[in-house]
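K.L.:
What follows is each chain in one-letter form.
4 protein chains.
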Amino acid sequence: MTKLNIGMVGYKFMGKAHSNAYRALPMFFPDRITPNMKVICGRNTAAVSAAAAQFGWAEHTSDWKALVSREDIDLIDINAPSNAHKEIAVAAAQAGKHFYCEKPLALSLQDSREMLEAAENAGVKHMVGFNYRFAPAVMLAKRLIDEGRLGDIYHFRAWFLQDWLVDPDFPLAWRLQKEIAGSGAHGDLGAHLIDMAYYLIGDITEVIGMSETFIKERPLPEETGGLSATSGNQAETGPVTVDDATLFLARFGNGALGSFEATRFATGHRSTNSFEINGSKGSVIFDFERMNELQVYFKDDKEDVQGFRRVLATDPAHAYSGVWWPAGHPIGYEHTFTHAFVEFLDAIEQDRQPVPNFNDGVKCQQVLEAVELSVQERKWIYVASL
Amino acid sequence: MTKLNIGMVGYKFMGKAHSNAYRALPMFFPDRITPNMKVICGRNTAAVSAAAAQFGWAEHTSDWKALVSREDIDLIDINAPSNAHKEIAVAAAQAGKHFYCEKPLALSLQDSREMLEAAENAGVKHMVGFNYRFAPAVMLAKRLIDEGRLGDIYHFRAWFLQDWLVDPDFPLAWRLQKEIAGSGAHGDLGAHLIDMAYYLIGDITEVIGMSETFIKERPLPEETGGLSATSGNQAETGPVTVDDATLFLARFGNGALGSFEATRFATGHRSTNSFEINGSKGSVIFDFERMNELQVYFKDDKEDVQGFRRVLATDPAHAYSGVWWPAGHPIGYEHTFTHAFVEFLDAIEQDRQPVPNFNDGVKCQQVLEAVELSVQERKWIYVASL
Amino acid sequence: MTKLNIGMVGYKFMGKAHSNAYRALPMFFPDRITPNMKVICGRNTAAVSAAAAQFGWAEHTSDWKALVSREDIDLIDINAPSNAHKEIAVAAAQAGKHFYCEKPLALSLQDSREMLEAAENAGVKHMVGFNYRFAPAVMLAKRLIDEGRLGDIYHFRAWFLQDWLVDPDFPLAWRLQKEIAGSGAHGDLGAHLIDMAYYLIGDITEVIGMSETFIKERPLPEETGGLSATSGNQAETGPVTVDDATLFLARFGNGALGSFEATRFATGHRSTNSFEINGSKGSVIFDFERMNELQVYFKDDKEDVQGFRRVLATDPAHAYSGVWWPAGHPIGYEHTFTHAFVEFLDAIEQDRQPVPNFNDGVKCQQVLEAVELSVQERKWIYVASL
Amino acid sequence: MTKLNIGMVGYKFMGKAHSNAYRALPMFFPDRITPNMKVICGRNTAAVSAAAAQFGWAEHTSDWKALVSREDIDLIDINAPSNAHKEIAVAAAQAGKHFYCEKPLALSLQDSREMLEAAENAGVKHMVGFNYRFAPAVMLAKRLIDEGRLGDIYHFRAWFLQDWLVDPDFPLAWRLQKEIAGSGAHGDLGAHLIDMAYYLIGDITEVIGMSETFIKERPLPEETGGLSATSGNQAETGPVTVDDATLFLARFGNGALGSFEATRFATGHRSTNSFEINGSKGSVIFDFERMNELQVYFKDDKEDVQGFRRVLATDPAHAYSGVWWPAGHPIGYEHTFTHAFVEFLDAIEQDRQPVPNFNDGVKCQQVLEAVELSVQERKWIYVASL
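Chains as they are written, first to last, in the UniProt record's numbering: chain A, 1 to 386; chain B, 1 to 386; chain C, 1 to 386; chain D, 1 to 386.
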């Protein structure tokens with residue numbers, strides 16, 4: 001197999017990011033299977049038609065069910081709103097298609113488990129869109145941990161800080177509605193932190209959290225995208241049904257302590273997606289706003305020159321080096337998607353599951369739900385109990 | 001009154017810091033009451049005698065009870081180990097002396113309340129050693145909040161990260177023994193964060209925490225100071241009875257959410273004492289390792305130049321400017337103590353209680369104890385219930 | 001015109017960067033003329049054939065003269081080694097093609113002037129590859145200056161620091177040979193700084209410089225690319241005929257003072273391309289390794305909160321916002337090329353010369369050469385005298 | 001000898017800094033000779049009397065000649081304005097006193113040489129006030145170079161940026177008058193950079209510079225200190241006779257290239273005193289605004305974790321550690337003076353010349369003057385020719 005025919009459901013922010021990754025892939029990874037941008041799908045025919053032309057898809061459709069059952073489609077890419085994920089994923093699995101699904105997998109742990117089960121029953125490859133794993137600086141952190149260079153891990157602290165909701169006139173976009181988005185900062189931002197924790201540290205055993213919706217009513221939107229919305233009649237408002245911020249404490253299976261914070265009310269932070277890990281031999285600090293950098297500390301450095309190093313993860317020694325630009329030349333947000341798809345293509349070629357796959361997605365969903373339960377019940381929740 | 005006679009109990013790390021502040025004060029604040037370094041007190045006569053000579057105290061003694069009752073002493077400065085605070089403070093109050101006490105006030109909330117009561121009954125001035133309040137950059141943060149320039153506060157997150165216990169061979173110093181130190185990272189480091197939260201944001205209403213002692217047995221020390229200890233026979237070990245790390249979540253009375261972490265296991269962090277505050281109009285970030293700087297963000301900055309400003313709090317517009325050095329010239333850790341004593345002297349001159357005083361110390365102790373209870377009982381604790 | 005047929009000469013590092021930009025452009029700038037990747041050209045047929053497949057060019061050739069005269073080609077993109085620029089550019093002009101040429105335009109000022117003259121005589125559009133102008137953070141700096149928000153400019157200091165030549169075993173690649181590359185750090189890195197100075201501040205009137213080749217002999221390469229080379233028999237060496245580092249001082253026509261440094265011997269700097277500007281009302285600092293950020297200072301900020309702001313130039317208020325990703329999501333090195341080509345396409349559509357064009361390229365070459373002369377003659381050189 | 005009687009001439013900014021250092025010294029360095037603050041001297045009797053009381057000097061006088069000849073004085077500390085240095089220093093030498101002189105030594109190279117000669121003839125100890133050498137982070141840089149850990153040095157670049165003259169209404173203080181101050185930014189700020197270069201890298205062989213006075217007329221002051229002045233009648237102005245900014249290029253005896261910039265017109269920089277050194281094995285970066293930190297890079301770090309380390313020079317492995325505060329606790333500007341005086345006391349005790357002494361001061365003056373000549377004559381000047 002040298003070419004993989006793709007059908008993609010969704011065409012907004014994530015649809016654009018995915019399309020761009022598919023376009024870039026054959027040029028920068030010419031030895032991989034070529035993703036063939038065959039069909040893009042969305043409910044609004046005019047909009048999806050425009051997207052097809054703009055993003056470079058051969059065809060477009062508004063019928064995802066028909067798409068899923070087409071014989072000439074190998075992989076379904078699901079980046080529609082979260083409440084649509086499950087139905088599409090299960091149908092794709094039943095049709096024997098591989099699929100890539102944006103996070104969070106579904107609105108509930110139960111749904112995400114059913115999606116995993118469907119995929120496993122069908123024997124297809126499945127991947128979940130935790131793209132931040134694929135920043136080379138994050139991959140360096142992973143390597144340092146895996147090689148034991150940080151020693152035993154004591155602390156993981158992570159925060160994903162945004163500020164787009166601080167303005168009380170920002171309208172009630174779909175991401176603020178529980179029935180569509182599932183949750184707010186927690187599922188949108190916290191999910192990335194939880195996956196990062198799982199990827200880098202391992203299983204979380206118990207959690208306790210705290211949530212808040214600071215602004216409880218917002219103007220109804222006239223029209224709404226994921227991250228933007230045009231405000232209509234300001235007189236009409238509706239209730240925000242998701243969290244503006246969720247924080248939680250966690251214990252990991254390996255004894256490490258975790259601290260997590262996801263908020264859309266951190267004024268001054270456009271998208272600070274950051275973590276720090278402290279181990280017995282060293283530490284690392286990452287911030288996605290400076291995604292090409294990893295701060296690294298080693299306890300066994302010579303005693304007069306100990307300090308956090310600012311490592312630019314663009315050297316030949318780093319992941320995907322040589323593929324992009326010379327050392328010291330930054331890559332951006334979009335490259336994480338290209339790397340993720342390379343992993344999917346490699347997995348297909350090697351006939352193995354890609355990582356992260358739906359098992360990881362379910363893990364994340366389980367923690368998300370454990371945190372929500374801990375908020376409701378105001379007590380520690382064992383993750384394994386869900 | 002132009003001179004205040006001081007008797008100081010304690011002569012190690014904090015005794016040195018306090019002595020230095022008393023020495024510097026008349027030179028940099030010549031219009032204030034002069035602190036007269038009269039008597040220094042400690043149990044080990046040889047050691048305290050050497051300290052008297054080194055630090056510049058006129059006399060020394062090993063009898064704190066005699067010291068406290070001397071008529072020529074106006075103020076008792078208590079920086080002995082935490083388990084000795086209460087008895088000295090109560091005796092000083094009963095003798096009608098003003099007193100300054102290092103934090104944490106005592107080993108228990110109950111004790112600290114009795115200390116406050118003794119002070120109030122005696123009508124003396126009392127102050128507690130939350131010196132970090134007195135960094136000019138922190139005072140700037142306070143001013144921004146008080147003047148409403150950050151708006152409504154949504155988030156307070158703070159962490160005090162040290163790494164001196166990562167080495168498993170570090171011996172069992174007194175700070176690792178519950179009966180002397182009261183608690184570990186929580187009472188030592190967390191106390192500063194809690195006071196900062198109270199100072200900047202206000203009352204905490206409820207908390208839930210998590211603690212860990214990562215290394216449970218350590219070699220017995222031959223000799224022990226607060227932050228250092230010489231290891232004796234490595235074969236003999238004893239149990240660490242305090243926490244290596246304590247984290248907690250909090251809700252403030254004004255609706256803000258808080259996240260706190262104090263640890264001595266954050267490899268690479270010698271003494272990162274840091275907080276961030278996000279409000280509806282702006283944010284600030286502080287890190288004591290760069291104590292002359294405050295990062296400040298304003299939401300109403302012109303839209304194309306919004307960003308965190310690195311403000312060097314050494315300008316004429318900042319607290320204590322002109323007293324020290326020209327703009328751009330750093331001051332250090334020790335200056336926070338000088339500023340704290342200036343506040344105490346001003347309060348005496350103006351016949352008011354200094355701030356922070358034992359009310360603040362009790363507030364801090366109450367939160368410390370609420371967190372400890374929440375750790376034990378694994379549930380949220382209302383601070384006011386203690 | 002909705003489509004522009006492109007013939008590109010060159011297929012290595014820059015060829016890849018340009019190809020990627022052409023591929024991305026229609027997706028992110030769908031309302032612009034579409035660049036049609038028609039023919040790629042290079043001397044090595046096998047290599048250029050592979051590049052055509054990898055980068056997505058419809059055809060390939062090893063005959064640039066034939067390419068230049070093809071009727072179906074609208075624009076010639078020249079990114080072959082510097083010594084080939086002139087002949088191709090002049091031929092393209094004579095054939096009536098628009099052209100885009102990588103910097104430096106040519107090996108001499110005289111050559112670059114002839115290239116400009118050829119372009120002007122032919123009435124074609126011409127652009128020069130100073131891609132760093134097109135980082136949104138740089139464009140913000142430009143806007144601040146143009147709107148007078150930095151006031152009168154006093155200082156411009158800039159440095160482009162790399163370290164790939166510190167290893168004495170790095171072989172004698174073409175970039176180290178004067179007859180191919182023209183000059184070393186000066187023409188390669190310094191040219192970018194000079195253009196940035198011209199773009200942001202204006203004309204340089206006089207200069208004095210200093211150059212050094214720290215390692216004067218290097219192993220002959222077996223095979224050589226621009227930035228890499230495989231070392232052959234280490235016993236054979238050849239002379240490095242270009243500068244490893246060139247620094248110079250400059251006076252600008254508007255009275256500002258300039259300081260420039262370009263070096264390949266700054267250990268630890270992979271590609272620090274940085275400038276700072278100080279004006280009577282404010283200052284800016286830029287570093288390409290953190291290309292999404294601009295540090296901005298305003299003298300009229302409220303007196304207690306003055307400080308350099310770290311502005312992430314990814315907000316809606318910044319250039320090309322909305323085209324790429326949400327606020328706070330970094331873009332990378334490659335995006336500067338896409339933006340540059342958008343400018344070229346806009347200029348063609350609006351029938352004006354793009355900026356920067358060969359006039360800018362000649363300006364840069366003039367300063368480069370004035371500096372070289374100042375180094376040779378050890379005296380200040382008036383730029384206008386060349 | 002256990003005590004050294006000091007007579008100090010000067011009582012403003014530097015007088016305060018020196019007094020503070022003398023006060024702190026016996027407490028933090030109790031094993032050293034004690035500096036005894038005996039007499040302070042200044043022209044204005046009322047002001048010097050107040051300073052004596054504030055700073056803690058036993059006596060005061062307005063007659064420096066009498067002071068210099070007193071038998072009970074061992075060391076003369078000269079921090080009066082620069083134009084008074086020579087006469088006092090020569091007299092002190094002739095009276096057989098050791099002396100410490102602020103930089104720059106004198107208004108001319110010739111004068112500084114005569115001062116050195118007088119000191120050598122008298123056989124006294126002499127030291128010059130290059131206090132920045134004594135920041136522990138700078139001392140770490142020195143150690144790394146001396147131990148060969150940075151390898152051969154290729155580049156030294158340094159800049160001392162201030163902004164207190166950007167306001168055109170700032171009056172004509174003595175520091176802006178050539179007959180008193182000798183020069184402007186060059187002698188005040190540049191002198192520190194030149195000394196740092198000499199300390200860390202070695203002799204400078206040739207230089208070429210560029211100077212500017214951006215604002216040529218300023219209001220006459222009513223009263224004037226060194227760094228501040230009260231503006232009188234704004235209608236009256238006088239000419240600024242010193243440089244606002246001076247930049248120069250340099251070659252070192254060891255082959256390194258140097259770049260220097262001193263300016264009082266760098267808006268946003270209160271006192272950025274910074275240097276970077278690149279060697280064949282590593283690099284360091286220092287900025288006095290973060291004076292406790294040194295950025296350190298090693299070329300032989302493991303290839304995937306190469307990067308500049310932020311070393312906090314407050315560890316036991318660093319200079320003067322243990323004397324001040326625990327690791328991670330910042331010291332400030334004033335501590336550099338204490339360290340400098342410790343060096344002077346040690347030199348006296350060990351009967352050797354302190355470092356930096358007047359030989360270093362003359363070296364600095366020679367480069368200062370070579371740069372000035374290069375500015376006047378618009379050509380490269382060999383330092384040894386002066």
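Some hints could be false.
For identical chains, the list gives no copy identity; a pair is met inside one copy or between any two copies.
[As the list claims (entries may be wrong)] Derived EDC-like pairs (lysine to aspartate or glutamate); straight-line CA-CA distance at most 16 Å:
no., residue 1, residue 2
1, Lys299, Glu222
2, Lys379, Glu206
3, Lys281, Asp167
4, Lys281, Asp146
5, Lys142, Asp287
6, Lys38, Asp72
7, Lys12, Glu71
8, Lys3, Asp72
9, Lys302, Glu147
10, Lys302, Glu222
Keep in mind that the hints were calculated from the coordinates and are not lab data.
K.L.:
Each hint should be assessed against the structure and marked as holding or not.
P.N.:
Going down the list of hints, with the structure as the test:
1. Lys299 - Glu222: Result: close neither inside a copy nor across copies, 56 Å intra and 25 Å inter.
2. Lys379 - Glu206: Both. Shortest intra-copy (10 Å) and inter-copy (13 Å) distances satisfy the 16 Å Cα cut-off.
3. Lys281 - Asp167: Only across copies: Lys281 and Asp167 sit 9 Å apart there, 43 Å inside one copy, limit 16 Å.
4. Lys281 - Asp146: Within one copy only: 13 Å inside a chain, 29 Å across chains, cut-off 16 Å.
5. Lys142 - Asp287: within (15 Å within a copy, 27 Å between copies)
6. Lys38 - Asp72: Cα proximity of Lys38 and Asp72: one copy only (9 Å, versus 29 Å across).
7. Lys12 - Glu71: neither (26 Å within a copy, 39 Å between copies)
8. Lys3 - Asp72: within (11 Å within a copy, 31 Å between copies)
9. Lys302 - Glu147: between (20 Å within a copy, 13 Å between copies)
10. Lys302 - Glu222: This pair counts as neither: shortest intra-copy Cα distance 61 Å, inter-copy 27 Å.
This entry does not satisfy hints 1, 7 and 10, going by the numbered hints stated previously.
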